[in-house]
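*Asks:* Residue numbers (my numbering), protein chains in the order written: chain A, 1 to 284; chain B, 1 to 284; chain C, 1 to 339; chain D, 1 to 339.
Derived from the structure by calculation, the hints contain no laboratory data. One thing to keep in mind: the hints can contain errors.
Computed list of chain A residues with no C-beta within reach of chain C, every gap over 12 Å [to be verified]:
#1 Gln59
#2 Val76
#3 Lys107
#4 Arg134
#5 Val193
So, partial list: chain B residues that the calculated Cβ filter (under 7 Å) puts toward chain A [what the hints assert, rightly or not]:
#6 Gly43
#7 Glu46
#8 Ser47
#9 Gly48
#10 Leu49
#11 Lys79
Okay, the calculated beta carbon distance ranges per label pair [claimed, not checked]:
#12 B/Thr92 <-> D/Asp308: 23 to 29 Å
#13 A/Ser31 <-> C/Ser27: 38 to 44 Å
#14 D/Val150 <-> A/Ala273: 55 to 61 Å
#15 C/Ser27 <-> B/Glu168: 48 to 54 Å
#16 A/Glu129 <-> C/Ala136: 47 to 53 Å
#17 B/Ser85 <-> C/Gln130: 57 to 63 Å
#18 B/Ala224 <-> D/Ala307: 39 to 45 Å
#19 D/Trp105 <-> B/Ser85: 55 to 61 Å
#20 C/Ala136 <-> B/Ser85: 51 to 57 Å
No residue lacks a Cβ here, since even glycine has one placed at the ideal position from N, Cα and C.
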Amino acid sequence: MPIQVRGEVLDVRRAGSYYVLSITASGIPESFRPGHFVTIGIGGEESGLILQRAFAIHQVQSRGVYGGTLDVVVGVHGKGSRWLSERRRHDTLEIVGPLGKPFILPKEGVPCVLVGGGYGSAPLFMLAEQLRERGCRVDVVLGASTEEKLYGVLDIKRVSSMLTITTEDGSSGTKGRVTDVLPGIMERSNSVVVYACGPMGMLEAVAAIASEYRAYSQCSVEEAMACGIGICMTCVLPVIGEDGLTRMVRSCVEGPIFRGDLVRWAEIGTIPADALGAPALDAS
Amino acid sequence: MPIQVRGEVLDVRRAGSYYVLSITASGIPESFRPGHFVTIGIGGEESGLILQRAFAIHQVQSRGVYGGTLDVVVGVHGKGSRWLSERRRHDTLEIVGPLGKPFILPKEGVPCVLVGGGYGSAPLFMLAEQLRERGCRVDVVLGASTEEKLYGVLDIKRVSSMLTITTEDGSSGTKGRVTDVLPGIMERSNSVVVYACGPMGMLEAVAAIASEYRAYSQCSVEEAMACGIGICMTCVLPVIGEDGLTRMVRSCVEGPIFRGDLVRWAEIGTIPADALGAPALDAS
Amino acid sequence: MSRAMFGRAARSAVMSQGVDMSATLGSLAMPSPVLTASGCAASGRELDQFFDITKIGAIVTKSVMLRARSGRPTPRMCETPSGMLNSIGLQGPGIEDFIEEDLAWLTSRGARTVVSIAGESVEEYGKLAQKLRPAAGVGAIEVNISCPNVDARNQVFACDPELAANVIQTVRRQSESQTPIFAKLSPDVTDITEIARSVIRAGVDGLTVINTTLGMVIDVETMRPALAGVTGGLSGPAIRPIALRCVWQIRQAFPDIPILGVGGIRTGLDALQFILAGANAVSVGTMTFNDPSAPFRVQNELALALADRGFESVSQAISYGHRGADVFELEAEGETEPE
Amino acid sequence: MSRAMFGRAARSAVMSQGVDMSATLGSLAMPSPVLTASGCAASGRELDQFFDITKIGAIVTKSVMLRARSGRPTPRMCETPSGMLNSIGLQGPGIEDFIEEDLAWLTSRGARTVVSIAGESVEEYGKLAQKLRPAAGVGAIEVNISCPNVDARNQVFACDPELAANVIQTVRRQSESQTPIFAKLSPDVTDITEIARSVIRAGVDGLTVINTTLGMVIDVETMRPALAGVTGGLSGPAIRPIALRCVWQIRQAFPDIPILGVGGIRTGLDALQFILAGANAVSVGTMTFNDPSAPFRVQNELALALADRGFESVSQAISYGHRGADVFELEAEGETEPE
Ligand SMILES: Cc1cc2nc3c(=O)[nH]c(=O)nc-3n(C[C@H](O)[C@H](O)[C@H](O)COP(=O)(O)OP(=O)(O)OC[C@H]3O[C@@H](n4cnc5c(N)ncnc54)[C@H](O)[C@@H]3O)c2cc1C
Ligand SMILES: Cc1cc2nc3c(=O)[nH]c(=O)nc-3n(C[C@H](O)[C@H](O)[C@H](O)COP(=O)(O)OP(=O)(O)OC[C@H]3O[C@@H](n4cnc5c(N)ncnc54)[C@H](O)[C@@H]3O)c2cc1C
Ligand SMILES: Cc1cc2nc3c(=O)[nH]c(=O)nc-3n(C[C@H](O)[C@H](O)[C@H](O)COP(=O)(O)O)c2cc1C
Ligand SMILES: Cc1cc2nc3c(=O)[nH]c(=O)nc-3n(C[C@H](O)[C@H](O)[C@H](O)COP(=O)(O)O)c2cc1C
Ligand code: FES
Ligand code: FES
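So here's chain A without its partners, still in its complex pose (with noise of 0.2 Å):
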């Protein structure tokens, strides 16, 4: 169940392009599951920036000096994740979650494939340790545009049974996109499930290289969110539900995971004609 709590800002460091935010959140690392989120607030009270932000939780420790801390990873993108990069040492946050459905996890050791793109690496860290625990063989594909918009690449070595990195420009590992090296991983490693997180352009294409290797997909979505707790309903897109039909689902809490072969990707954005509830053809 998400918690409200105020949070203290305990260490801000700069990674690549990005800056990873260390908050004490007590409650939350507690219920945490990989893939779960948060939201954050911005600016304070008198802000004019009134809708709270939702970032991946890449970290948590539920001990320690600090109670329970998490890290986030914030990518410098608008009004809102540049006011977060500002923060400091002692700042105060707040903060709600753990908020969405984490990621399904295989109940035996099977093999799998992780594919993050940009900041979409964040929510991997602890999926991969805990894959690992399961005895899962786990092979990594971190992708970018470029060598600064990769993400941990270091840290996720460690938890990753193979690393192959991509970047737009070559400036790191292969030149390409994850997708141009995710074939050839799933022929070597046989993986049966494929984690991915990024923009919707690479997990599209991911879960439909995932799709024809006949692998289980889990796409982290990322929709623009008022609220994250279910209550708004701006965060949908098209997803075939188990009874076939397709319906306009909250990625906020039915998500932000899904399966990769029931989101209806290419038509995101729109209301598909067969979606339940859609304008009859001949409605205004």
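Once you have looked at the hints, place chains B, C and D with the ligands on chain A.
*Replies:* Using the frame of chain A, we list chains B, C and D with the ligands on its own:
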């Protein structure tokens, strides 16, 4: 001529219930005269607080390691002043100044009384210095509701010929108000000019006492200001002009310092029926 | 202004900070004047994780239509200075599923419920009311008339006094007479008191003031409207002064009509402003996205603010901002306490 | 949408960041599309201390009336979330003093001037135009019709299509035919395109969109309205989505009418939004209180934003947000540049 500068906070220190901010503001000290004020932007670019706040310039230094710097004394009242009180060394502030018309100084060394209510003492320090330089006797009266709300008692002692303190609760100096002690001081000192800064009620009473003793009074008023530079017309009050006609004048550019006998104190917050452009009585 | 208007309705006083917080909206009695806002609380389940939803005034549910709706394409929201735009397009289950699942859950949970309904024609509103008639747990019906009427060239019901009155008459006719019916007004009209007058004549029990105001943002990267729906509803603290003005104007014109004030409420002092302006109760909407326990926090802050000002009950404060200038003079001399 | 509409008017291109910034409002040619807003720049003198007022598009002066006005009692302003309320009540000199002093100064200073006028009756507007007729330096007249009509039970001109048209006809008749006349519209109407249509038919040369929207704040200490005038005009970034929506709606309805966009502009990207939505030029109002050089800064930021997006001139960007979806598809494939 006022300028806009981005200043850097050098220091924030508490003084009783006030905060004194020292800020670099290159260019402002150079044209400063006692009685000038500055406006300071609140909360940065994404702040929901869009209006600058006005503060009397307390001290200036035009040289030194930091170039021009200035001090303001902030009483925490609402959202803007609270935000300012939370600034730290190295934070930046948007500043406009020097603004307003300064105190008018006598050409010769005549006896003067300076009356400050609460943080209203802030602009009186450099005024006192300049008056002393001209050979004036400078009696100072500082008053507040309680000791905590007196500002700068020790420092102003150095530049005043005599200092009298009043507090309404008697926690420091004479129990009562500045206006209880002012007549006695006027009598003893034979002052010909009274300078005053503080709440409107105090200014009205001080102006009346000054008139009684046939002294010239200079009162620094505090009206809510949206712009501080004369373009919005929010800060007006009824003042009698040289032609005997009452006008609603802008306190930011034609003040904040007015001759006490020309302000129609009792009618502040109204449009006197005989003011220039006042609605005809029969009109709606 | 009859400030004691609802004095008797609240039989058992619900005290907080020594203030009787009980409130009413027509015949709906509540332990508090703070409610959620339609579309900003779904059907209460999610918020119940953050605070006990039976402790606030009531849950106002997301506007429900006759049949399930998928809503509009994304992006559906966009942040604006101290506000946000939304164009959800009323996604939700149809009325039947709503009654069976959401309303049943709210009732079993012991929460008071204000059911918001939305239709595309006068007839649809009537059918919605009919469906609700036998249902248990309908504390009040809030009629969201800020919908385009498909029969009348998509004109918005709330922007036309006659259309609005037709909707209300129909809903009134199809509902139990003891069920309070509130009309939710749009600020996007030349004279909101004219619409108010029309729905009051049509038999409404109260007014919810206000729905969002129409706004737009252009994405400077794509150089197209930021919302898939082009325009959207502006909400949040940015519109609070508009909402408060609407409440004030309606209270000036109609001293006795119950008003549920909505728009940009973030703190207890914001809620107090609405009550002083004439609201009998308030809804907290958008700020719940920022702080999931906002309705509960606002309620506590409001109790404290009332206590600080010497009020013994919420009802004493209703419309207190309209009191005559004479009272003010006396007060300035420190001789009157808020009655 | 004819984007090249004013292409020829701007004879001598005024370049900034490699972008031709020249703009027009009817026959008024300006070196930049960024102006001040009426009531937010007085008559330009004070701002000239902070930037060279001849370098921006034009100074829109504070609405002037026939005779000197003292305005409303204080408090006249109140900060609100990302905005402010004002109830200045049009304090200012009468038209004669204005012409002799303010207008003469602006003209001698070499600034372009848009003179805003306000009347209490149709006749008064006519007299104001008459007085301006012989005056030098009237680049355009902006007719502030958001004033209550004392002859018609204080109904606001801008809220009634007929009253608004009467004012415009009268001003048009009393003015030189080559002086562009703009009507400044209020957002506080059910359908702003209806008012636009009415004043366009009455012969207006362009529209200023929008004036403030009516709002209110209650002071929680005095428990009375915070403004002496009770209600006031809401302005600032809070209302930007409303202003932008109004510009968009009017541009959709009238592809060719010149529009001066106003409301909450703080940055060059905000100004760009208005231009993409269909504004030919923009006014920076309230944010000048926060930053006295805001109009000049916005102009520079706008030039940079246009250059970044590959526009060669402001006029190419006007209404670009309305382009058809087909263009969008092509663009997504990286094949089209902003024309
Ligand atoms: C489940 C989830 C997990 C996320 N995890 C991370 C993370 O680990 N690290 C990280 O850097 N970012 C993450 N994001 C994206 C992060 O929320 C956006 O970077 C951030 O919202 C951008 O906001 P801004 O204030 O900088 O930009 P602005 O442009 O100011 O944002 C304006 C509004 O749009 C929304 N928005 C803008 N961009 C995005 C986006 N890409 N995705 C979703 N909403 C957006 C914002 O939430 C905000 O409401 C995540 C988003 C989601 C939904
Ligand atoms: C010429 C001048 C000089 C001043 N000098 C000082 C000084 O040296 N030290 C100091 O502490 N304060 C000074 N003030 C008052 C200072 O500007 C207010 O304390 C401050 O504006 C309160 O703002 P706030 O944001 O804390 O309160 P809020 O309630 O958030 O203010 C909201 C709005 O109301 C206005 N406002 C509120 N209270 C006042 C007030 N008392 N006077 C004027 N405007 C007000 C604010 O400027 C703001 O626009 C001065 C004011 C003026 C006009
Ligand atoms: C995301 C969202 C969805 C909304 N959905 C509805 C709705 O379904 N029915 C309705 O009557 N109002 C709806 N509203 C309007 C709110 O109930 C409320 O009237 C408005 O947002 C102003 O209040 P606020 O500023 O506190 O949010 C919605 C508002 C938002 C932000
Ligand atoms: C203090 C103040 C005074 C104003 N006076 C006038 C006026 O005299 N005439 C007029 O047409 N508009 C007046 N306006 C409205 C502005 O010109 C502008 O239309 C409105 O404020 C929205 O723009 P903004 O958000 O950029 O300020 C005034 C606005 C403010 C804030
Ligand atoms: S973000 Fe509000 S429902 Fe998902
Ligand atoms: S504060 Fe704007 S004119 Fe004085």
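*Asks:* Determine for every hint whether it applies to the structure shown.
*Replies:* How the hints compare with the structure:
Chain C leaves glutamine 59 of chain A outside its interface by the beta-carbon criterion, the shortest separation being 24 Å against a cut-off of 12 Å. Every CB of chain C is more than 12 Å from the CB of valine 76 of chain A (nearest about 16 Å), matching its label as outside the interface. Once the 12 Å rule is applied to beta carbons, lysine 107 of chain A is consistent with being away from chain C; the minimum gap is 28 Å. Look at arginine 134 of chain A: its CB is around 29 Å from the nearest CB on chain C, clear of 12 Å, so calling it non-interface holds up.
Residue placement check: valine 193 of chain A keeps its beta carbon more than 12 Å from all beta carbons of chain C (closest about 28 Å). At its closest, the beta carbon of glycine 43 of chain B sits 6 Å from a beta carbon of chain A; the interface hint therefore holds under the 7 Å criterion. Taking 7 Å as the C-beta contact cut-off toward chain A, the hint placing glutamate 46 of chain B at the interface holds, the least distance being around 5 Å. A least Cβ separation of about 6 Å between serine 47 of chain B and chain A falls short of the 7 Å threshold, and the interface hint therefore holds.
Interface hint at glycine 48 of chain B: satisfied, since its Cβ lies 4 Å from the closest Cβ of chain A, which is below the 7 Å cut-off. Of the supplied interface hints, the one on leucine 49 of chain B holds, with its beta-carbon coming within about 5 Å of a beta-carbon of chain A, less than 7 Å. A hinted interface residue such as lysine 79 of chain B counts as satisfied when its beta carbon comes closer than 7 Å to some beta carbon of chain A; here the least separation is about 5 Å, so the hint holds. Remark: the range hint 23 to 29 Å for threonine 92 of chain B to aspartate 308 of chain D is upheld by a beta-carbon distance near 25 Å.
A beta carbon spacing of about 42 Å between serine 31 of chain A and serine 27 of chain C agrees with the range 38 to 44 Å that was offered as a hint. Between valine 150 of chain D and alanine 273 of chain A the beta carbon distance is about 57 Å. The supplied range of 55 to 61 Å therefore holds. Between serine 27 of chain C and glutamate 168 of chain B the beta carbon distance is about 52 Å. The supplied range of 48 to 54 Å therefore holds. The hinted window of 47 to 53 Å between glutamate 129 of chain A and alanine 136 of chain C holds, with their beta carbons roughly 50 Å apart.
Taken as a hint, the range 57 to 63 Å holds for the pair serine 85 of chain B and glutamine 130 of chain C, whose Cβ atoms sit roughly 59 Å apart. Distance hint for alanine 224 of chain B and alanine 307 of chain D: a CB-CB separation of about 40 Å, consistent with the stated range 39 to 45 Å. Under the hint 55 to 61 Å, the C-beta atoms of tryptophan 105 of chain D and serine 85 of chain B, about 41 Å apart, miss the expected range. At about 54 Å, the beta-carbon gap between alanine 136 of chain C and serine 85 of chain B stays in the expected band of 51 to 57 Å.
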